[in-house]
Amino acid sequence: MKLGPAVTALVTLGAMGAVITAFSFSASPYVTVAQAKTASGDRLHLAGDIIKPTVSRDVRRGSLTFDLRDDKGDTITVVHRGEMPANFSEAVKVVAIGGMKDGQFQSNQLLVKCPSKYEAEKAGAG
Amino acid sequence: MQVDPATGIPLAPQWALATGQAGQYALWASLALFALAFAACLFGERWVRAGKLIFLFGSVATWTAIVALGVLFAQDQFSFRYVWSHGDSLTDLRYKVAGIWTAQEGSFLLWAVCSALFGVLTLRAAGPLSRGYVAVYALFQALIAGILVYETPFGLMPEVVQDGKVFLPPRGNGMTPALQNYWVAIHPPVIFLGFGSLTVFFAFAVASLLHRNATEWVPRARAWALASLGLLGLGLCMGGLWAYETQGWGGFWVWDPVENVSLVPWVLMTVLVHGFIVQTARGKWAAANLLIGALPFLAFLYGTFLTRSGLLDKVSVHSFAQMDQNALQILRWAMFGLVGAYFALYAWRVKLAAATVAPIAEPEGLIRREAAYRGGMLLMCLLAFVVAVGMSWPVITALRGGEGARVEEWLYHLVVVWFFVPIMVLMAIGPLISWRGESKATLGEKLFHPIGLSLGFTGFTLMAVLHPATGIASQRPESIAGPFGTRLLALPVLALLLFVCWLVAITALWRMAQMGRRAGWTAGGFVAHFGLAVLLAGLIVSRGFEAKDRQFILQDSPARILDYTVTYQGLDTEDIYDRDGKAKFLLRRDDGTEVMATPGLYYYDQGEETRPQVWPFIDRYWSHDLYVSLYPPQTDVWQEPVVMKPGEQREFEGIGITYVKPIRSGSPGQPGARFGGEFRIRTRDGNYTVRPYMELVQGGVEPSFTPVGEDLLAVISRVDAADQSAELRLLFRRPLYPIEVFYKPLTSLVWVGTGILTLGTLMAAVGRRRRTVPVTETQPSPVSRGIGTLNPNATSPSA
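Quick mapping for you: the protein sequence lines, in order, are chains S and A.
If you want my numbering, it's the 1-based position in the first sequence plus 8.
If you want my numbering, it's the 1-based position in the second sequence plus 6.
Just to be clear, a hint being listed does not mean it is correct.
[Stated by the list, open to error] With a cut-off of at most 20 Å between alpha-carbon atoms, the simulated SDA-like pairs for lysine to any residue come out as follows:
| # | chain 1 | residue 1 | chain 2 | residue 2 |
| --- | --- | --- | --- | --- |
| 1 | A | Lys-171 | A | Val-356 |
| 2 | A | Lys-171 | A | Pro-16 |
| 3 | S | Lys-101 | A | Gln-612 |
| 4 | A | Lys-554 | S | Gln-117 |
[Unchecked claim] To be clear about the criterion: a stretch of chain A counts as covered by chain S if any three or more of its residues have a C-beta under 8 Å from a C-beta of chain S, and this derived list gives those stretches:
| # | stretch |
| --- | --- |
| 5 | 382 to 391 |
| 6 | 408 to 421 |
Simulated from the structure, these hints should not be mistaken for laboratory data.
All C-beta atoms, glycine included, are put in the ideal place defined by N, C-alpha and C.
Just need the whole structure built from these sequences, with the hints factored in.
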């Protein structure tokens, strides 16, 4: 007779399972340079340090090119299409989102991590 | 001002050092007092009054600490590390004071202060539950005071203390320029009031379990729950509006972890507020409410831990400094301890507590209002689950090994919509069903007009947005991500979302009209439903039907963006450091209408570098926003100068450079002497040989700005005398302004909806003040009955 609670529990667990499945299949993976080179997909998240002297812009094509070094020390050339993020000049670490194309990492979105500058520049006072 | 006689450097005044000391002592005092209040309540029922008094003193100590910090900020006492890091003598008073909560230490203090405020306000409301209530509340306040003692904002900078003297730096590092906007003075206090109020429901839920009484807390906490919901909602919306006005994303919500951490408690508080309605009207859900009451607080505690511990470092646009390790330990144990202890207590006591409630029999064979509530609230809990799991996903996946993965905006949208649509439908239907039940036929009749009207209004809205005369037709979303990697046509999906918003809005108005004057303050619930529908419709339409495009704008050469021809018209000020500085862009539509867009642009010095700060420009109309986002102007071709040795040849994307030979003239050390070099530069426009140099002048060196073809300038910024290497920069002759223009229809609804939602929730809170409960209940109150059938042990101290 008391079918209600059982159905509710079943639907709830089903929904939770569906959510977790959806996330498992479709969440965008963080990759290292080595993994990026073999991975497919265009929503890869590649995190690493910008190698500052390699940064250059191509205004006509509206792109930004730089080399990126990941935590393991591997480097790769990243080509970002679109404008420079507002705080790119302060950035040390970035997350480039995109996929591999012709041996380069083509990024269509850059997430910028700024250094915690207050911690680093403490010594300047006094 | 006191000055050190030996060096002539200003010293920190005695009163400031005393204030800092007082602040630190106040933190210690609050830790001791809250611990004492906790102990008093443990001791016995007789000591609860004393416990409450001590709790009040502990709260006063906490407030003293924030006042002390505020004074140090307002008076520019940069000897203190926290004040130096986040304050500056040159900013407005509001930004100085807002410095309190721009970083970790201060925001913990703000949390403690707000939580203590609600603790003091509810001391009397706790009534027979006081012993457990005060004990739990004081325990949490003691924990957060413990965190603050380690994570203190009152530490001096080590560099300013020398030979027993404390020096006073003349200026502070200042608040991050990107935060300097009026919202920084408003949004954090509001949302932290919301967060602080969550402790109330946690403490009530635990106290109810301890006292084995699941009814007593409902009328006592109900108005506070609505107030808390209102504050959280207002805080959330303000955060979105802040991001919209300053970040230049052209949007309100990006599912950032920090946003999600505040969304989860709001969703769960909504569930609690509706749970209270059901428990009051039907005497049901008592056990569920005890769980839901604790969850918003626990979820926020978990979220704080997640964002502050550095686990999400890669994911968030918010950056947080590493926490003090001792403080982090306390936070970790507080979280695991409180979550674990709560669930253990719940499992142990919930049956005893819920046994005090007598449910009202439900009608048979009819559609019940309680069922609509149950479905809706279950879906809301699942929505909170989606957001909580989504924000934790990088950590969950990283624990399984590998680098982890992140849930992006599109995936949130894809998953959330499955819960959103049924929730909205239930939100529309629920109020039309009476508690006594409804047959299918009568419900169908009641729904007939609202559905018809909603369909009509949806069509009307779509027409207005899509018609070229009233909207913009140049760009329209064609498809959006669907499940299993499919693409769905955007228009039908958006139409469906808009339809459910209209349905909720219309049924809410319908019910308000039916209730008429009789409703009074309690109509607040429907006002809130209406406001939420308006807000969501605003978010959906302004995001779903936005048009956007971006271009680089060169001086003297207009560019085409959307329907506009955009011309750069210079800066409005000579002083590039002027914080109110604007860049001017004329946007002209083909029909001749013009808008002068003035996004903010100024520069500030950070160390040796001069950095730009930009603000978007928003032209607001009732029908749409024209949102012009300026990115930092590009002057340098390369981000960093290139260092080259003579004879060296290098290639950068599109540009080849050869350092042919160094050139010197004049006698070294004398004004007029020049150091430079000959470079061959190959650009797309041709090959150029240039000889940039630096000239020694009175008081320094001056670089030449040597033209390279039409568009570029070459500048030597340094020459090494030893190995002749030169540092070369290439500049654009005319800066490039990257700008992005968004056309966002009906963003005004977001503002209006926020206002109505908050107003409605607060109205309901006023309507549910405790003394009005018997008056507004039209049905026999199960609460009074619940109290009548109390377990005889209910108010006695727990074992």
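Which numbered hints fail: 1
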